[in-house]
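Chemist: Chain by chain, the residues:
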Amino acid sequence: TQLLEQSPQFLSIQEGENLTVYCNSSSVFSSLQWYRQEPGEGPVLLVTVVTGGEVKKLKRLTFQFGDARKDSSLHITAAQPGDTGLYLCAGASPFGSNYQLIWGAGTKLIIKP
Amino acid sequence: KAGVTQTPRYLIKTRGQQVTLSCSPISGHRSVSWYQQTPGQGLQFLFEYFSETQRNKGNFPGRFSGRQFSNSRSEMNVSTLELGDSALYLCASSVWTGGRNNEQFFGPGTRLTVL
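So the protein lines, in turn, are chains F and R.
For our numbering, count along the first sequence from 1 and bump the result up by 14.
For our numbering, count along the second sequence from 1 and bump the result up by 49.
None of these hints come from the bench; they were simulated from the model.
We treat Cβ as the ideally placed atom computed from N, Cα and C, and that holds for glycine.
Do not rely on the hints blindly, as some may be mistaken.
Stated by the list, open to error - Incomplete in silico selection of chain R near chain F, CB under 10 Å:
#, residue
1, 55
2, 93
3, 97
4, 136
5, 140
6, 150
7, 154
To be verified - A few chain F positions that, by computed beta-carbon distances, are all more than 12 Å from chain R:
#, residue
8, 29
9, 30
10, 33
11, 84
12, 94
13, 125
Make a model of the complete structure from these sequences and hints.
Modeler: Shown next as structure tokens:
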């Protein structure tokens, strides 16, 4: 059974601090997606990383896919209250002739003003 | 373009009852997936439909079922409700199915409470 483990499960920090959340697996994924879910809403895609070692930046958010495509990290610089939410990672794994998404349990992030 | 809509948004049922949840995908999207979300468990995959055919199914009991109509709208049904079925049920649509870069667009979910 393929698993994606996210850590930490919960993080509460002050505005302006930096943070990193992790998404780890013993399995190789063809790509990895990061979603953010705000209260009362469904998850929204932030980024998809495809190549081992790939780094993508989205304003203050930096996403990295591990060289072996088994892990990923999300780094937020100078966190703001608007970054509060549940961050979910999902890895694409071969399924027949296509792919299926394997989901992590999420990191709940709270940024205090 | 309208997003994914789910109805109802909130539902309260008692044990033993059954429930039907509805999902209307984004226009032009042919794939609809359903997830159960509970605190600490993340998203648990229920099933995916593409062009009215179930393409994939998660590890849920047979009490959970779904279907997709010719207009891509989807419904899921849970029979003989149990307390543990209380959760947020999310529907997600995408243009195609099975691509490794497939972006899923989620609805706001239906919050089901079983008493």
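Chemist: Look at each hint and say if it fits the structure.
Modeler: Do the hints match the structure? See the list:
1. 55: holds (8 Å)
2. 93: holds (8 Å)
3. 97: holds (8 Å)
4. 136: With a closest approach of 14 Å, the residue 136/R hint is violated.
5. 140: It holds, given that the least Cβ distance between residue 140/R and chain F is near 8 Å, below 10 Å.
6. 150: It holds, given that the least Cβ distance between residue 150/R and chain F is near 5 Å, below 10 Å.
7. 154: Hint holds; residue 154/R Cβ to chain F Cβ min 8 Å, cut 10 Å.
8. 29: Holds, since 25 Å exceeds 12 Å.
9. 30: holds (28 Å)
10. 33: Non-interface label on residue 33/F holds, nearest chain R Cβ at 19 Å vs cutoff 12 Å.
11. 84: At roughly 15 Å from the nearest Cβ of chain R, residue 84/F sits farther out than 12 Å, so the non-interface label holds.
12. 94: The assertion about residue 94/F holds, with a minimum of 23 Å to chain R.
13. 125: Per Cβ check, residue 125/F is outside 12 Å of chain R; nearest 20 Å; holds.
The structure shown violates just one earlier hint, number 4.
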